[in-house]
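Each chain, letter by letter, is given below.
There are 4 protein chains.
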Amino acid sequence: MDSQIVTFLINCPDDKGLVAKITNFFYSKGFNILSCQQYVNSIENTYFMRIRLNAEGTHISKKELEANFLELAEPLNFNWSVNYGDRKPNVAILVSHTSHCLYDLLERQKEGDLDCTISMVISNHDKLRPIAEMFNIPYFYLPVTKGAKEKQEEEVIKLLEDHKIDLIIMARYMQILSSNFINSFPERIINIHHSFLPAFQGANPYKRAYERGVKLIGATAHYATEDLDEGPIIEQGVERVTHDCTPKTLKRIGADVERLVLAKAIKCHLQNQIIVANNRAVVFPESGE
Amino acid sequence: MDSQIVTFLINCPDDKGLVAKITNFFYSKGFNILSCQQYVNSIENTYFMRIRLNAEGTHISKKELEANFLELAEPLNFNWSVNYGDRKPNVAILVSHTSHCLYDLLERQKEGDLDCTISMVISNHDKLRPIAEMFNIPYFYLPVTKGAKEKQEEEVIKLLEDHKIDLIIMARYMQILSSNFINSFPERIINIHHSFLPAFQGANPYKRAYERGVKLIGATAHYATEDLDEGPIIEQGVERVTHDCTPKTLKRIGADVERLVLAKAIKCHLQNQIIVANNRAVVFPESGE
Amino acid sequence: MDSQIVTFLINCPDDKGLVAKITNFFYSKGFNILSCQQYVNSIENTYFMRIRLNAEGTHISKKELEANFLELAEPLNFNWSVNYGDRKPNVAILVSHTSHCLYDLLERQKEGDLDCTISMVISNHDKLRPIAEMFNIPYFYLPVTKGAKEKQEEEVIKLLEDHKIDLIIMARYMQILSSNFINSFPERIINIHHSFLPAFQGANPYKRAYERGVKLIGATAHYATEDLDEGPIIEQGVERVTHDCTPKTLKRIGADVERLVLAKAIKCHLQNQIIVANNRAVVFPESGE
Amino acid sequence: MDSQIVTFLINCPDDKGLVAKITNFFYSKGFNILSCQQYVNSIENTYFMRIRLNAEGTHISKKELEANFLELAEPLNFNWSVNYGDRKPNVAILVSHTSHCLYDLLERQKEGDLDCTISMVISNHDKLRPIAEMFNIPYFYLPVTKGAKEKQEEEVIKLLEDHKIDLIIMARYMQILSSNFINSFPERIINIHHSFLPAFQGANPYKRAYERGVKLIGATAHYATEDLDEGPIIEQGVERVTHDCTPKTLKRIGADVERLVLAKAIKCHLQNQIIVANNRAVVFPESGE
Chain A
1 MDSQIVTFLI NCPDDKGLVA KITNFFYSKG FNILSCQQYV NSIENTYFMR
51 IRLNAEGTHI SKKELEANFL ELAEPLNFNW SVNYGDRKPN VAILVSHTSH
101 CLYDLLERQK EGDLDCTISM VISNHDKLRP IAEMFNIPYF YLPVTKGAKE
151 KQEEEVIKLL EDHKIDLIIM ARYMQILSSN FINSFPERII NIHHSFLPAF
201 QGANPYKRAY ERGVKLIGAT AHYATEDLDE GPIIEQGVER VTHDCTPKTL
251 KRIGADVERL VLAKAIKCHL QNQIIVANNR AVVFPESGE
Chain B
1 MDSQIVTFLI NCPDDKGLVA KITNFFYSKG FNILSCQQYV NSIENTYFMR
51 IRLNAEGTHI SKKELEANFL ELAEPLNFNW SVNYGDRKPN VAILVSHTSH
101 CLYDLLERQK EGDLDCTISM VISNHDKLRP IAEMFNIPYF YLPVTKGAKE
151 KQEEEVIKLL EDHKIDLIIM ARYMQILSSN FINSFPERII NIHHSFLPAF
201 QGANPYKRAY ERGVKLIGAT AHYATEDLDE GPIIEQGVER VTHDCTPKTL
251 KRIGADVERL VLAKAIKCHL QNQIIVANNR AVVFPESGE
Chain C
1 MDSQIVTFLI NCPDDKGLVA KITNFFYSKG FNILSCQQYV NSIENTYFMR
51 IRLNAEGTHI SKKELEANFL ELAEPLNFNW SVNYGDRKPN VAILVSHTSH
101 CLYDLLERQK EGDLDCTISM VISNHDKLRP IAEMFNIPYF YLPVTKGAKE
151 KQEEEVIKLL EDHKIDLIIM ARYMQILSSN FINSFPERII NIHHSFLPAF
201 QGANPYKRAY ERGVKLIGAT AHYATEDLDE GPIIEQGVER VTHDCTPKTL
251 KRIGADVERL VLAKAIKCHL QNQIIVANNR AVVFPESGE
Chain D
1 MDSQIVTFLI NCPDDKGLVA KITNFFYSKG FNILSCQQYV NSIENTYFMR
51 IRLNAEGTHI SKKELEANFL ELAEPLNFNW SVNYGDRKPN VAILVSHTSH
101 CLYDLLERQK EGDLDCTISM VISNHDKLRP IAEMFNIPYF YLPVTKGAKE
151 KQEEEVIKLL EDHKIDLIIM ARYMQILSSN FINSFPERII NIHHSFLPAF
201 QGANPYKRAY ERGVKLIGAT AHYATEDLDE GPIIEQGVER VTHDCTPKTL
251 KRIGADVERL VLAKAIKCHL QNQIIVANNR AVVFPESGE
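Chains as they are written, first to last, in the UniProt record's numbering: chain A, 1 to 289; chain B, 1 to 289; chain C, 1 to 289; chain D, 1 to 289.
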């Protein structure tokens with residue numbers, strides 16, 4: 001293998017000696033362990049590890065590494081994945097009318113803050129096309145016409161599959177995705193919900209926040225699952241508000257929370273910091289290697 | 001009137017010239033206006049004012065002042081109240097098992113940070129008596145026995161009425177108050193709920209927060225109303241948490257949020273900063289007079 | 001006057017009856033008072049007011065209004081200014097190498113969140129020209145060559161004056177402005193400093209934050225004054241960091257604080273929410289009219 | 001060894017294979033690794049580990065364990081310490097006039113939130129004695145008389161040594177400790193400074209914060225070192241303030257930040273979460289075992 005950073009994500013039943021066994025395995029194969037983050041869920045007796053390795057100086061092939069690792073993994077019942085950091089993930093952004101998250105993501109990617117390729121923007125409206133064009137990103141306008149929602153979804157799925165999209169970002173996409181769509185991309189769709197979940201699930205959270213008279217509003221980035229707004233939470237943020245705020249000012253204040261929370265969540269996903277288990281997202285902090 | 005600070009709280013339908021009319025009224029009676037805070041709800045077309053006056057040098061009696069004010073207030077449909085700052089409010093604290101809010105309130109009052117008299121602590125358990133005794137506050141143990149909840153409530157109400165209690169603080173009191181109780185003390189009962197409402201209404205919020213995998217937990221201080229946890233929100237706070245937190249650590253982290261949020265809410269109430277309308281609490285900031 | 005929103009900013013020595021006198025004045029001229037925010041500095045005995053008026057139905061000219069207001073203002077020693085909301089301020093953005101604040105401001109203005117015209121971007125480097133061009137904003141490249149700093153400043157000043165620039169934003173402009181420059185635009189230059197002032201004044205704040213091992217980093221937006229980083233603070237923000245952060249990650253985390261803090265400060269300035277006195281900025285909250 | 005939790009803190013030059021070597025060592029001795037937290041400082045090429053072990057089922061003595069560990073530690077240049085969790089640390093609290101941190105710490109300890117024995121309160125004033133007495137903690141009044149500061153310090157040191165004090169908390173102790181005092185208790189004195197260091201080092205931070213017109217105030221808990229307020233930072237907190245705040249209200253708002261920040265820092269110290277190197281405190285998060 002070249003001088004590259006390899007990341008393994010592992011979760012399994014907790015057991016004595018796991019960290020010693022795993023770190024030994026990689027050490028014996030000649031890897032330098034850059035960071036090794038663990039989490040033990042003592043309630044469910046489960047173990048999670050994110051381990052980052054420098055492959056420099058190893059002479060093992062990917063195939064061989066994975067075959068050898070399987071010998072360790074199987075008896076210990078690992079769920080695991082490996083990322084070799086040698087291919088930029090392809091990302092598609094789904095939007096409707098609202099521009100702030102789209103701008104934010106396109107800008108971060110362009111400036112080198114998000115390690116991915118943004119392959120396309122897909123929308124059920126044509127409104128945000130000029131923004132995609134400013135950044136030279138292909139824009140696909142796939143309107144949802146009455147009675148033809150299913151057909152539109154098929155077109156979206158085809159686009160995503162044809163372009164080998166690794167991550168789908170719902171950047172305020174105001175359509176409910178079907179179970180079929182969701183299940184085609186497990187843990188590969190990130191949605192931003194404009195409230196502090198589980199408060200104000202569903203539509204019009206800012207209007208409802210105004211009516212309830214809350215003193216803080218928030219936003220939540222989560223993996224999309226079949227149950228709307230019930231998926232594993234990756235990141236949340238809040239901002240103080242007062243009685244003085246109207247639904248319109250709440251929306252404006254909330255927009256800044258949304259864009260930050262979504263960008264942080266995507267960064268965590270792209271850096272392989274997340275392991276999902278039992279509908280909860282274990283999000284390891286960025287290691288300061 | 002003596003050299004005292006008088007606070008008027010006013011809300012009414014919005015109208016042209018309100019601020020000029022009201023401030024003129026007090027100016028013409030010889031009051032010095034220390035601060036004058038307003039809020040216009042442009043959605044509901046309502047007007048709110050908190051005005052603080054120094055009575056020094058005026059020669060008007062309370063009775064006369066109120067009679068004169070009524071002449072202004074009635075044609076303009078004011079809801080209003082006045083506080084002369086000449087009597088410390090009597091406060092009762094209701095608790096069950098949990099001590100952190102009780103300690104916090106007793107300490108703040110003792111150190112002069114809460115402008116009130118804490119007349120008593122009432123509990124359905126005898127557990128926290130030593131804390132009340134440390135601070136020389138009478139402790140009433142009124143257990144809830146099976147089938148006799150109503151009778152206990154009557155005893156509590158009698159205690160509160162006999163001691164002319166102005167404000168009742170539910171500092172983690174784990175009993176649901178009856179509508180009769182609630183309605184006997186409108187906008188005079190403040191509860192601390194150990195979640196960021198409207199998320200996790202009801203019981204066991206920290207356990208549910210763990211299960212939902214949230215990344216922030218919070219607390220909410222609100223006036224108690226018939227619908228549990230649906231009353232006007234006075235103050236909210238949050239703190240970041242991670243996947244690493246167990247329900248037990250969430251509880252500990254949350255305790256610090258609870259105590260701060262409750263103390264802030266009570267301070268706002270005691271300083272006459274709050275006007276409730278339409279189940280929303282208008283909370284004017286402390287004026288820096 | 002047309003149906004327009006007029007904003008007066010007033011500060012003066014504190015005196016009895018000020019709010020009544022001022023609100024009466026506007027009421028008697030037929031204005032509807034949309035909001036009236038006050039602040040009394042009881043240490044320095046000064047009074048501050050921001051009053052927003054709807055001119056609909058008044059028949060007074062600007063000239064007449066100001067002449068009449070002077071009769072009230074002079075005996076009471078008002079410092080005051082009035083904004084008729086009938087002209088969008090012209091803004092110039094000064095940048096060097098760093099793009100995040102520039103993107104953020106251009107995007108907010110384009111999306112209608114900043115009520116101004118961005119007339120130009122000026123830089124001592126040519127690097128960020130493509131960003132300005134994406135948003136169709138003229139870009140002026142005025143390099144600072146050795147020994148000719150003064151000449152460059154004169155060119156910048158000429159540009160600003162020729163285009164009648166009302167507000168100059170130093171969006172990470174890495175040049176120290178001369179006293180002459182600063183004093184040509186009093187309270188019209190807003191700078192973003194990438195630390196939580198007064199901590200880490202001067203150069204390389206993130207490197208110094210790393211070395212000091214702080215657990216929070218911040219950013220400060222302030223009016224530029226002769227003493228570098230000593231001007232009136234408009235807005236500040238912070239974000240938690242850990243020992244794990246390198247100067248590079250601090251920089252990235254800080255960038256998000258900077259862009260939010262700068263945008264908030266500029267919004268406050270453009271909405272006439274700020275009165276500066278004694279090197280301190282009184283920043284009235286946005287009124288929820 | 002009994003069924004006890006053992007914590008090792010290690011820092012050393014970074015090297016390949018450290019995590020494998022260390023975890024193997026403990027695994028081979030029969031320990032169950034409860035958590036293993038690491039940090040690599042890639043700028044200084046140093047490595048830090050906090051490892052928590054369950055000794056249940058091991059048959060090794062402390063002496064043997066330490067002797068064996070030394071064989072691993074010496075060639076790799078470990079700085080290390082071990083805590084067997086079998087003895088509660090003795091804590092002394094130093095105070096002057098201000099009560100809020102003292103109350104907070106006494107209450108947390110009494111309620112079981114701080115795993116230590118509070119052996120005494122020492123003060124240069126007699127004012128806070130009643131608080132110590134409420135909690136049945138011995139109070140030593142050692143006034144600082146003119147020209148006899150050195151003598152008083154000697155008495156304080158003698159008290160601390162006689163009672164085998166492990167941790168000294170300066171809970172708003174308004175005396176500057178001599179170098180001799182500081183160096184007698186390296187990394188064993190925690191101070192709370194009432195500002196967001198390095199802003200407002202030295203005296204009267206709230207007054208200076210008012211004068212500077214900051215929009216956030218803070219507090220910093222740090223190990224005391226010879227250079228006043230320059231020691232390794234353990235924890236910091238902030239709270240928003242406005243122009244409306246006087247030095248007095250800043251002080252009150254700051255008090256709540258101080259007490260939380262100090263309590264968090266002490267908890268981290270007592271739970272062996274901190275390694276100091278190069279005047280920076282590596283503070284591992286609480287592991288959710």
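You may find that some hints are simply not true.
Note that the list lumps identical chains together, so a pair holds whenever it fits in one copy or between two copies.
Unchecked claim - Here are the simulated DSSO-like pairs of lysine-lysine, each with C-alpha atoms no more than 30 Å apart in a straight line:
#1 K21 to K251
#2 K207 to K110
#3 K151 to K16
#4 K251 to K267
#5 K110 to K127
#6 K63 to K149
#7 K16 to K248
#8 K264 to K248
#9 K149 to K127
#10 K149 to K29
Simulated from the structure, these hints should not be mistaken for laboratory data.
Structure-based check of each hint:
1. K21 to K251: For K21 and K251, neither the intra-copy (50 Å) nor the inter-copy (34 Å) Cα distance is at most 30 Å.
2. K207 to K110: Close across copies (25 Å), not inside one copy (34 Å); limit 30 Å.
3. K151 to K16: neither (52 Å within a copy, 55 Å between copies)
4. K251 to K267: The answer is both: 24 Å in one copy and 16 Å across copies each meet 30 Å.
5. K110 to K127: Classified as both: same-chain Cα gap 21 Å, cross-chain 14 Å, threshold 30 Å.
6. K63 to K149: Close neither inside one copy (42 Å) nor across copies (60 Å); limit 30 Å.
7. K16 to K248: between (55 Å within a copy, 24 Å between copies)
8. K264 to K248: Both, since 25 Å and 16 Å are each at most 30 Å.
9. K149 to K127: Within. Shortest intra-copy distance 19 Å satisfies the 30 Å Cα cut-off; inter-copy 45 Å does not.
10. K149 to K29: Intra 52 Å, inter 58 Å, cutoff 30 Å: neither.
Figure legend: structure checked against the earlier numbered hints; hints not met, in rising order: 1, 3, 6 and 10.
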